[in-house]
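*Asks:* Line order of the protein sequences matches chains A and B. Heads up, the first sequence is in the working numbering, so the first residue is -3 and it goes up one at a time. Heads up, the second sequence is in the working numbering, so the first residue is -3 and it goes up one at a time.
FYI, nobody ran anything at the bench for these hints, they're computed from the structure. Remember, it's a predicted structure, so these values are computed and weren't measured experimentally. A portion of the hints provided could be inaccurate.
It does not matter which identical chain is used: a pair holds within one copy or between any two.
Claimed, not checked - Capping the alpha-carbon separation at 25 Å, the derived lysine-lysine pairs in DSS-like fashion look like this:
1. Lys89 / Lys32
2. Lys69 / Lys32
3. Lys22 / Lys32
Number of protein chains: 2
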Amino acid sequence: MYMPDVEARSGEERVPVTQRSGCCHKYHHAVELIGKRWTGAILLVLLDGPLRFSEVGQLVPDLSDRLLSERLKELEGEGIVAREDGLYTLTRKGRELEPVVHGLKFWAQRNCT
Amino acid sequence: MYMPDVEARSGEERVPVTQRSGCCHKYHHAVELIGKRWTGAILLVLLDGPLRFSEVGQLVPDLSDRLLSERLKELEGEGIVAREDGLYTLTRKGRELEPVVHGLKFWAQRNCT
Chain A
-3 MYMPDVEARS GEERVPVTQR SGCCHKYHHA VELIGKRWTG AILLVLLDGP LRFSEVGQLV
57 PDLSDRLLSE RLKELEGEGI VAREDGLYTL TRKGRELEPV VHGLKFWAQR NCT
Chain B
-3 MYMPDVEARS GEERVPVTQR SGCCHKYHHA VELIGKRWTG AILLVLLDGP LRFSEVGQLV
57 PDLSDRLLSE RLKELEGEGI VAREDGLYTL TRKGRELEPV VHGLKFWAQR NCT
């Protein structure tokens, strides 16, 4: 069967499982954190600059104030977001997620319907 | 208070919320998909090449066979993973997640404890 979308590789070419790296704890924690419902969306809108609480809500439709507050607290706790003069802003650690967030946005625009 | 980790920006410099893009449906779907428990880990180990079911299990500790089977079915349904001759392999769509997955791994190694 012709499957143009799958790279042809024989079993012989495969890197043996014993020579591969597994999934590490740090990466797993990061996926859980960023992938949590609404967190990815909040990071995306904060990458364009600091926002007030209500402004995040405007840019992320369907997100309740209660959940937004919870997610922002989690991100503050992780040192990804900081609150300053009533504005939520990304810290250096948060801004370093830019390639991941924008990479996923690009992938989604290209691949999701 | 001196906060070295937060970029100084005044309210005046901010891009008004009306001129910003909000979170789109496609990106939101992508975050939910990739961020689902264990999915990010499965993608990471498949980026090194095709694996048998039991090999994915070896490389992603603590993942039960039941959940692994569920996640692989979801990824097949999304056209991200394909099964060929007993091996699970990433499709073109799946391989295009490489910068996102490796970007997050890099970020986690740099920033998570």
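*Asks:* With reference to the structure, classify each hint as holding or not holding.
*Replies:* Tested hints:
For the identical chains of this complex, Lys89 and Lys32 are neighbours both inside a copy (18 Å) and across copies (22 Å), given an alpha-carbon limit of 25 Å. In this assembly of identical chains, Lys69 and Lys32 lie within 25 Å of each other by CA distance both inside one copy and across copies; the values are 13 Å within and 21 Å between. Proximity of Lys22 and Lys32 under a CA criterion of 25 Å is satisfied in both settings, with 16 Å inside one chain copy and 16 Å between copies.
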